[in-house]
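Colleague: The lines below spell out each chain.
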Amino acid sequence: MLVLSRKLEQSLNVGDDITITVLGIEGDRVKLGIEAPRSVTVLRQEIYQQVRSANHAAAAHGEGPSVHNVKAAIRRRDPMPAV
Amino acid sequence: MTMTVPNPTDNQTATTTDSIIFPDGLVGCQDWKNFILMTDDGDEELPVAILQSLDDASISLMVTDPRFLEPSFAPKLSAQDYADLGLDDGGQTVMYCTLSTADGWLTANLLGPLVLNPLTRRGKQIVVVDSVFSTRYRVAPLGSSGV
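Chains A and B are the protein sequences, given in the same order.
Be aware that the first sequence starts at 7, since it is given in this note's numbering, and climbs by one per residue.
Be aware that the second sequence starts at 23, since it is given in this note's numbering, and climbs by one per residue.
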């Protein structure tokens, strides 16, 4: 991991198309501004990891229930779904 | 492109296949771009389909309509999302969410739905950052044997 220190309002350039700027520092929270092309998705790491994991888990459904069984489970569903 | 082919597991029903492209892949899976969506005909009331990767035969995603699972599901797309899909702001989209299993439950990823432009069949996985729903939204319990 490359380690750099920046002060308020200083920036980093990542490649030619991405700029990250420290916009604010308040206690233990750092506010960052990111300029990046539309093709680059910027996400909080914990969110990125959750969605990536979910994609991989979903792709491995071959070991899980069939479409037929999934439909049957949905049909039996309690009308008050859990989040 | 839409093709109707006989369902390989059941000669009675027909399966429709539509090609779908995610130009930027999926989140954390940038290479998963070219898919076909395989839907059993005649079961629009219970829309469960298979999104089969054309790039890697081992990758297939079971999907359903998140609005079918949760009628209040209405994530707001950004102007960038609409632009990426080739739609005007507020344009008509088709949404899917992937299905998986966790702790004996059938779960759906309502945090990262797949959104499509129905005319061009181009899609994008959006992350609903302020969602009240998670990647493991519980749909229904599965039987003790997992089926």
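Just so you know, these hints were derived from the structure itself, not from any lab.
One thing to keep in mind: the hints can contain errors.
As the list claims (entries may be wrong) - Only pairs whose alpha carbons sit at most 30 Å apart, straight line, appear in this in silico DSSO-like list of lysine-lysine:
hint, chain 1, residue 1, chain 2, residue 2
1, A, K13, A, K37
2, B, K55, A, K37
3, A, K13, B, K55
4, B, K55, B, K98
5, B, K98, A, K77
Colleague: Now tell me if each hint is right for this structure.
Modeller: Here is what the structure says about each hint:
no.: 1; hint: A:K13 with A:K37; result: 12 Å, holds
no.: 2; hint: B:K55 with A:K37; result: 33 Å, violated
no.: 3; hint: A:K13 with B:K55; result: 40 Å, violated
no.: 4; hint: B:K55 with B:K98; result: 23 Å, holds
no.: 5; hint: B:K98 with A:K77; result: 28 Å, holds
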